[in-house]
Structures are given as structure tokens and as C-alpha cells.
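Novice: Residue-level listing of the chains:
There are 4 protein chains.
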Amino acid sequence: MESTLLEKFDQLNTQKGYKNRSEAIRDLIREKLVSEEWNSCERETVGVFSLVYDHHQRELNKTLTHIQHQHVEIIVSSTHVHIDQHNCLEVIILKGKTSIIKKITGQLASTRGVKHGKLIMTSTGSNLD
Amino acid sequence: MESTLLEKFDQLNTQKGYKNRSEAIRDLIREKLVSEEWNSCERETVGVFSLVYDHHQRELNKTLTHIQHQHVEIIVSSTHVHIDQHNCLEVIILKGKTSIIKKITGQLASTRGVKHGKLIMTSTGSNLD
Amino acid sequence: MESTLLEKFDQLNTQKGYKNRSEAIRDLIREKLVSEEWNSCERETVGVFSLVYDHHQRELNKTLTHIQHQHVEIIVSSTHVHIDQHNCLEVIILKGKTSIIKKITGQLASTRGVKHGKLIMTSTGSNLD
Amino acid sequence: MESTLLEKFDQLNTQKGYKNRSEAIRDLIREKLVSEEWNSCERETVGVFSLVYDHHQRELNKTLTHIQHQHVEIIVSSTHVHIDQHNCLEVIILKGKTSIIKKITGQLASTRGVKHGKLIMTSTGSNLD
Chain F
1132 MESTLLEKFD
1142 QLNTQKGYKN
1152 RSEAIRDLIR
1162 EKLVSEEWNS
1172 CERETVGVFS
1182 LVYDHHQREL
1192 NKTLTHIQHQ
1202 HVEIIVSSTH
1212 VHIDQHNCLE
1222 VIILKGKTSI
1232 IKKITGQLAS
1242 TRGVKHGKLI
1252 MTSTGSNLD
Chain P
1132 MESTLLEKFD
1142 QLNTQKGYKN
1152 RSEAIRDLIR
1162 EKLVSEEWNS
1172 CERETVGVFS
1182 LVYDHHQREL
1192 NKTLTHIQHQ
1202 HVEIIVSSTH
1212 VHIDQHNCLE
1222 VIILKGKTSI
1232 IKKITGQLAS
1242 TRGVKHGKLI
1252 MTSTGSNLD
Chain D
1132 MESTLLEKFD
1142 QLNTQKGYKN
1152 RSEAIRDLIR
1162 EKLVSEEWNS
1172 CERETVGVFS
1182 LVYDHHQREL
1192 NKTLTHIQHQ
1202 HVEIIVSSTH
1212 VHIDQHNCLE
1222 VIILKGKTSI
1232 IKKITGQLAS
1242 TRGVKHGKLI
1252 MTSTGSNLD
Chain A
1132 MESTLLEKFD
1142 QLNTQKGYKN
1152 RSEAIRDLIR
1162 EKLVSEEWNS
1172 CERETVGVFS
1182 LVYDHHQREL
1192 NKTLTHIQHQ
1202 HVEIIVSSTH
1212 VHIDQHNCLE
1222 VIILKGKTSI
1232 IKKITGQLAS
1242 TRGVKHGKLI
1252 MTSTGSNLD
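Residue numbers (the working numbering), protein chains in the order written: chain F, 1132 to 1260; chain P, 1132 to 1260; chain D, 1132 to 1260; chain A, 1132 to 1260.
Since the list gives no way to pick out one identical chain from another, each pair is judged satisfied if it fits inside one copy or across any two copies.
Taking lysine-lysine pairs in the BS3-like style, the calculated list, with each CA pair at most 30 Å apart, reads:
no., residue 1, residue 2
1, K1234, K1193
2, K1249, K1228
3, K1193, K1233
4, K1249, K1226
5, K1233, K1249
6, K1226, K1163
7, K1163, K1249
8, K1139, K1233
9, K1147, K1249
10, K1139, K1226
11, K1193, K1147
12, K1163, K1233
13, K1163, K1150
14, K1226, K1193
Don't read these hints as lab results, they were simulated from the structure.
Take these sequences, add in the hints, and give me the full structure.
Specialist: So, in C-alpha cells, the structure goes:
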């Protein structure tokens, strides 16, 4: 491979905290594989969904809990953080097919009163060895 | 506003589960504001970071815990999920300046043995009212 | 809508050069509709693809031209810019189904010697009125 | 490197049309370097900007031309395509500092009547050898 390309890559990796080049290349490959995984609708995968909302919003908590309870086989866990007097962060971990994870998180994000909903598309890890 | 543009937007919103158009517009505005928030280095904000790794990997758990303990004022909570016999998912919630959140999560992601690390850039919610 | 949310949005719009709020909202809606358009495989749309390569690379130009000529019904135009003594930029405009545009541009990007290939997913505009 | 990770990567590369693995790895590295390049404000780089608009829109063409003429040292070329009876695509190639490219394309995108404006962040290629 061209030595100047590798030099620049090594410089960047040092900045980012990588100990060696092959670890950094492995990470690029895994990132690519994960993004491919999410292009397919039927792959078993893992998503992490974050929701920011005002807990004073009437009925909101109840609605969010209701949606989650309809999908107990997909929702693995839910962590709640009190950010300030008004705002809550809820982080939900989901495991299942990409299409179902997208559907549930879409429903949660579009619930009235939710200020920001965002999905991390990650992986079960079993395809990344 | 052009009526056909709004018609198409309403159709999309119905699919996504929105009850009305103004809620969907508010969400587009908030998404824009959050992405601007993360362009600045000095804004106080919230990040959610997911890590997938093999818990058999020697010393990895110790290293990840060590990095987190150096930043206790930034790291709010950490949730651990056992995905399968080999793979773990750890979800870390961080609150602080965008630049520091990016630095810590960069360190965690580049640790040897971490298969996939990804950051959700969300918000404290206080700027989204 | 909440007045402080709109205030922050108006501030951002002024920075970006928008003359009024409704134009900025229309743009958010259109951006959403375009991104939905590209989720479907069978929609007629427009892509703009940029390629950076070294024109000294043997046979590269011939290969790129060959790929393009196999898809004359999709490729609308091609603009060539000499960036420096070594590097060329070629910008190709494609019109057709999203799946075919992705396939052709994937082939061009993976050709040996191409340094950077990237696709803008835009639109025919006829769905954005 | 783990052999199963490489196997999956090779499968993906074959699908995408890559002839060999090292070319695919080089492309991942270059993609990373280009995205880093655009994080800095002061790097000399290349952008490709696409604009979709209705040419019947009064004064629009004149406004777009006026903005472009104020930056002749940055704008390299402009290609115009008639998509249908109403819609035009204009593709503008820009060379200069990332901050200036972002500013000009922001102005063009926010002009009233522009339906969709999108920027490809590419590279001069001179840092990708």
C-alpha cells in the first residue's frame, strides 16, 4: 500500500488513541459490516434508542411505557436518567430484526411531547469476529 | 405553503405514527437544533455511547472501567447487557461539553477488543422547548 | 408552537441566510421527503456522483468510460475538472431508479485507482412541490 | 487479523465489485481521511454541490448566478441539466477552504425557490496517495 497514505492514517490513529494500525483497520471493516447489516430488513441485530422528554408532559410516560410493553420480546432494558427538573433521558436497548426495531423506535419518537429520539444501529457482535 | 408538498408530508407522518403535522414539524426543527448544538465544542449536552465487545477478551473490561473512572463527573450511568455467550453490550450515558464527550468515547471505541462503538448525539432537552 | 423553540430556530435561520421561517420549514420537509425517496428501490430519482482519481493511473480512464457507456440511458452528463497535475475530479449526473444508481456508482467507486467516490442522493424535484 | 471477519469483508467486497481486499481497505482509509479533512475549517479541499429548482421561479436564476459570481475564485464550474418541463438540476464544483465552501453552499441552498441543495464533501486527492 502507498506509504504516504498509511503515514497519514497512522497519524490520525495516534490522535484517536489507537495502539496499532491493524486495530484501526479492523474497526473500519466492522463499521462497514454493521452499516450493511442495517440495510437488510431481516437481520437479527441490536439497537440503542435514546429519548429526551419533559416528564411533566401529561400522559407521556404512560404512553411510552404502553408502547414498550407491547414489544417485551424485543425490548431488553430501559435506563432512565433525570437530566434536570424538567427533562428526562430514557435509553432503551432493543434486540430483534432491523425492521421491527425501526418500527418501534419510530413510534416512540413520534409520540407527542418527545423532544428528541435517536437510534444507534449497532450489532449483536456475533458477525464482527 | 404549497398544498401538494404538505399532502406528501402528511402521508409520511401518518406512516411514522404522528398524530398531527405541527408535532412532526417541531421534531424536524428540534433535530436541526440538536445537530447544530454538536457543531459547537463548548455546549453542555448529553451523549449516549454503545460498545459491543467480547467479555473473554483479556483485560478489556478492566481497561474500559479504568477509562470511565477517570471521568466520573461526565459519565452519568452505564448499563450492561449480555447479548450471547461471548458478546456484551455496554451503554454509557455522558453529560458535559461536546468536545469532552467526543474525546472519552473516542478513547473507549479505540480500545483493543471493542468490536463496535457508536455515539448518539442527543441533548439535555433544555434548549428544545 | 412553543415560542422559545421558534426563536432559536429563527436565530439559526438568520445565520444560514434564510429570509423567512416558512422557507426554512419547507426545506426541512423537502429534505425528509428526499431521504424517504431513497429508501425505496424503485423510485425514479436523480443522483450526482463525484470521483477523484489520478489520471496517470493506467487504464483507469478507459475502465470508467466503459462502465459509463454500459448505462447511457441512466447517465445524463459527466463533467471533468483537472484539480492539479495528478488529480482529476469527474462529476456524473444520473437519472433512474435508486437501485440502479446505487449499483452503477458502487462499480465506479470500487474501480482500482479511484481515490474517493461519493454519491449525493437528490431528486427530480417533481415530488417536492 | 481474525479470519472470519476478513471472510465477511471479502464477501461484501465481491458484491460491491472490488477486485481485491487491499483496494477495499485503502478506500475505507481514504473515506476516513476525507471526513477528517472536512472537520477542519482551514483545509484546501473540493466540494460538489447539487441544486434542484423550478426555473419558472421568478428571479431565482438571477439570484443564484449573482451569488456564484461573487465567488469566482472558489467556483470551478457549473453544469445545468433540464430534468423536466419545470425542474432544473445545477451541479457546482467548488475548490477552496472548507469553511468558505460551506458558507457559499449554505447561501445557495437557502435561496427562496431552491427545492433541494446538497453538498458532497470530497477532496483534491493530493492527500489521498
